[in-house]
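**Student:** Sequences are here, hints too, so could you generate the full structure?
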Amino acid sequence: MYAQMVKSTGDGVKSRDEMSDEERAFQDRIDADEKIEPKDWMPEGYRKTLIRQIGQHAHSEIVGQLPEGNWITRAPTLERKAILLAKVQDEAGHGLYLYCAAETLGVSRDELTEDLLSGRMKYSSIFNYPTLTWADMGAVGWLVDGAAIMNQVPLQRTSYGPYSRAMIRICKEESFHQRQGYDIMLKLANGTGDQKRMAQDALNRFWYPSLMMFGPSDKDSVHSAQSMAWKIKINTNDELRQKFVDQTVPQAEFLGLTVPDPDLKWNEETAHYEFTEPDWSEFFDVIKGNGPCNAERLAARNKAWDEGAWVRDGLLAHAEKKAARRVAAE
Amino acid sequence: MEKDQLFQYLLRFGDNTLVLGHRVSEWCGHAPVLEEDIALANTALDLIGQTQMWLGLAGEVEGKGRSADDLAMLRDAWDFRNVLLVEQPNGDFGQTLMRQFLFDLWHDLVLTELQNSAEPRIAEIAEKASKEVRYHLERSRDTVIGLGDGTAESHARMQAALDLLYPFVGEMSAPDEIDLAAHEAGIGPDLAEIDQRYRAALSDLMGEATLTLPADSFAHKGGKSGARHSEHLGHILTQMQWLQRAYPGAVW
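Top to bottom, those sequences are chains L and V. 192 is the number that the numbering used here gives to position 192 of the first sequence; each next residue is one higher, with no gaps. 557 is the number that the numbering used here gives to position 227 of the second sequence; each next residue is one higher, with no gaps.
Don't read these hints as lab results, they were simulated from the structure. Among the clues, some could well be false.
Here are the simulated DSBU-like pairs of lysine-lysine, each with C-alpha atoms no more than 35 Å apart in a straight line [unchecked claim]:
1. K196(L) x K48(L)
2. K14(L) x K322(L)
3. K303(L) x K48(L)
4. K303(L) x K219(L)
5. K322(L) x K394(V)
6. K196(L) x K231(L)
7. K458(V) x K172(L)
8. K7(L) x K172(L)
9. K461(V) x K172(L)
10. K551(V) x K187(L)
11. K333(V) x K461(V)
12. K7(L) x K321(L)
13. K394(V) x K551(V)
14. K187(L) x K461(V)
15. K461(V) x K321(L)
16. K333(V) x K322(L)
17. K14(L) x K39(L)
18. K187(L) x K458(V)
19. K196(L) x K394(V)
20. K461(V) x K303(L)
21. K303(L) x K172(L)
**Tutor:** Written out as structure tokens, the structure reads:
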């Protein structure tokens, strides 16, 4: 998932006594692992939180086209170019499924888009980092998609039916994305001195931003507690981050690359890696709009939307004319 | 048909799809609506896939051990054999789709004929590519009609795109000695005949799109012969070939 710091009701989880009859029945269905479908009754907070979460995820897929799109025209071989094109196309497709899932909650794609373009809604902090070398295509696939998968796999079991089903489709494609990223890294790591340097540099730049993708610790967050009670969030941010580190460090070792954390070490007792937390002040700067590419990313999306207005209007006008001609002919 | 002529003939197809695929891929993430982002990426992906087949075969025919990647990444502009139309800049979305339609219409007619080529490897590629290109044509045609017959603004933009690109149409179907040799050998279609069908279909479609074909039928040439490309091609190659040129011999 590419959603960070999604706000829930802010009131914390209600006890059964505090719940209305409808809320209690709803919670019972969630607890029994039943899927909630669009026409079912749901608490307003559940609906709003899901719209925020799915919307943020969809926006991330859309903005996420930009850092990788940046290298399509420069991909080093025809095969790499084709794979990267297929991947970016998948991401746009994921955006589409997710907007459709959000629409079942009573919000339109255009409304969500406007919230993205005005900055009212966020997308994942990771896409505000630049892709500077070809190795970044490897690092994005390996680390960024890797972190996304960590989050998305449990969300296949999320309580909201349309979201869960979208996530099942998305997960299938994401694992191919991660493999292609790792494959790029593998080629570079076994390549020339320049290529190895390129791979290490990409890991250096993307390691901490990838850890930030899970969001700051939410062990005390009332928003997360509510989302977890509703099963629209399955694990805490720290659990997922730990899992990601545990999975990724051996992969980096296999590549012969060094994770840029001098304090990283394996703890025999816990059977987990100990690692340095990312610089959370940097994370909050990025979230506030001060990441290296925030302004460019949002400007690019706004430009695409504004300059595309005549196309959308033109196609709509044509469809109306065609319908009118059909009616006139009947 | 001599070996070098066949090599040149194959480069034309491979370079058309390579350069157009590059241009279309420049849109990635910047389209007017999400469905168009997906469709443009899909079109680019098909074209790059076709490039792998055409340039792969070209390298085989040449017999000097050059792969499709070598041909794509390590030739300079004067050795490219794509038509001038496909290297023209994207402009606005209308210009991109007009360029796509003008090419797709020709591409579809030619690929249909190439399925009967006396050279079985060409027939095989044409058969695969034809299925994809039929869909490209359907989409670009519908979009050109929709925008031509849309609002006053979309109409004006599409007319401007047609006026700008029409002088690049003639080169595709103007046969030169390589095209004639291919036709004579039963390898390629009769371009003069393709040209007639192309013009008839173009005229019908422009009527539907409420657009007017320019009266002047002047045609720029020099792309498929390699004699004189536009200035744009060099910039395309500067991007496309950057990594292979900067790190010679590296494996990616």
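**Student:** Confirm or reject each hint.
**Tutor:** Here's how the hints hold up against the structure:
1. K196(L) x K48(L): The hint is violated at about 46 Å.
2. K14(L) x K322(L): violated (54 Å)
3. K303(L) x K48(L): Given that 35 Å is the threshold and the Cα spacing comes to 28 Å, the pair holds.
4. K303(L) x K219(L): violated (39 Å)
5. K322(L) x K394(V): Not satisfied, since the Cα-Cα distance of roughly 55 Å exceeds 35 Å.
6. K196(L) x K231(L): violated (42 Å)
7. K458(V) x K172(L): Given that 35 Å is the threshold and the Cα spacing comes to 27 Å, the pair holds.
8. K7(L) x K172(L): holds (28 Å)
9. K461(V) x K172(L): holds (26 Å)
10. K551(V) x K187(L): violated (42 Å)
11. K333(V) x K461(V): holds (28 Å)
12. K7(L) x K321(L): Not OK: K7(L) and K321(L) at ~44 Å, beyond 35 Å, violated.
13. K394(V) x K551(V): holds (29 Å)
14. K187(L) x K461(V): Distance of about 34 Å is within 35 Å: holds.
15. K461(V) x K321(L): holds (31 Å)
16. K333(V) x K322(L): Violated - the C-alpha atoms of K322(L) and K333(V) are around 52 Å apart, more than 35 Å.
17. K14(L) x K39(L): Holds - the C-alpha atoms of K39(L) and K14(L) are around 23 Å apart, at most 35 Å.
18. K187(L) x K458(V): Answer holds: K187(L) to K458(V) is near 30 Å, not above 35 Å.
19. K196(L) x K394(V): It holds: about 31 Å lies between the C-alpha atoms, which stays within 35 Å.
20. K461(V) x K303(L): Holds, at roughly 34 Å.
21. K303(L) x K172(L): Satisfied, since the Cα-Cα distance of roughly 32 Å is no more than 35 Å.
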